[in-house]
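One line per chain: the protein sequences are A and B, in this order.
Using my numbering, the first residue of the first sequence is number 1, and each one after it goes up by one.
Using my numbering, the first residue of the second sequence is number 1001, and each one after it goes up by one.
Since the hints were derived computationally from the structure, they do not count as laboratory data.
Each hint should be verified, as a subset may be incorrect.
In silico DMTMM-like pairs for lysine to aspartate or glutamate, Cα to Cα no more than 25 Å straight-line [stated by the list, open to error]:
| no. | chain 1 | residue 1 | chain 2 | residue 2 |
| --- | --- | --- | --- | --- |
| 1 | B | Lys1049 | A | Glu99 |
| 2 | B | Lys1108 | A | Glu87 |
| 3 | A | Lys55 | A | Asp27 |
A few chain B residues facing chain A, derived, Cβ under 7 Å [stated by the list, open to error]:
| no. | residue |
| --- | --- |
| 4 | Gln1042 |
| 5 | Gly1043 |
| 6 | Leu1044 |
| 7 | Lys1103 |
| 8 | Phe1106 |
| 9 | Lys1108 |
| 10 | Gly1109 |
The beta carbon of each residue, even a glycine, is placed where N, CA and C say it ideally should be.
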Amino acid sequence: GAVVSQHPSRVICKSGTSVKIECRSLDFQATTMFWYRQFPKQSLMLMATSNEGSKATYEQGVEKDKFLINHASLTLSTLTVTSAHPEDSSFYICSARREGYTFGSGTRLTVV
Amino acid sequence: AQSVTQLGSHVSVSEGALVLLRCNYSSSVPPYLFWYVQYPNQGLQLLLKYTTGATLVKGINGFEAEFKKSETSFHLTKPSAHMSDAAEYFCAVSDRGGGSNYKLTFGKGTLLTVNP
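Chain A on its own, in the form it takes in the complex:
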């Protein structure tokens, strides 16, 4: 079946530094990739939608300069949290879509 690999699973970084999260579809080419943010005991909030080779579409209220999304190929999308602050601490999940949706295992980001 379709598998999406998301790395790292956990990361702790200092305030002011940048963190990159990778999302890779292992056995299929994804037409679209989605990035979500999830706060404790809450639902998934869509941050942005990206298609290979084009700029990501960000949801209202999401800072595009802070959350940089690169979708360089049909199998790889990256989310970079720039100049991270403690309020950016959260669980980030990617999803790749071809005929269905396959989710990565998530990244727990803690900014100290």
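Fit chain B to the supplied structure of chain A, relying on the hints for placement.
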């Protein structure tokens, strides 16, 4: 805009009892419908989905859901709960017409606890 309502943020059942998790959607055109399960600190796993055809959909782990257009509902059921079913469950919808790249809209989730 589509919306999804999951009634009950927390459902508690005894092992072996019926599981019923409720989901209603708001859309002028019936969307694609999904149920996902999430275990702590993990991503989402698809339980089942409805796109077209038979309105009673069977999924993994003994779960099933029925699409009822007249009630705009897609409730998830399982006849007999198992301890391993304890997790967070999300109902989601996506646009049939491909709008917004078929992005998923999630409900707020229902935490299922199973008591021995």
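Results for each hint:
{"no.": "1", "hint": "B:Lys1049 with A:Glu99", "result": "12 Å, holds"}
{"no.": "2", "hint": "B:Lys1108 with A:Glu87", "result": "21 Å, holds"}
{"no.": "3", "hint": "A:Lys55 with A:Asp27", "result": "24 Å, holds"}
{"no.": "4", "hint": "Gln1042", "result": "6 Å, holds"}
{"no.": "5", "hint": "Gly1043", "result": "4 Å, holds"}
{"no.": "6", "hint": "Leu1044", "result": "4 Å, holds"}
{"no.": "7", "hint": "Lys1103", "result": "6 Å, holds"}
{"no.": "8", "hint": "Phe1106", "result": "5 Å, holds"}
{"no.": "9", "hint": "Lys1108", "result": "5 Å, holds"}
{"no.": "10", "hint": "Gly1109", "result": "5 Å, holds"}
Hint violations for this structure: none, all hints satisfied.
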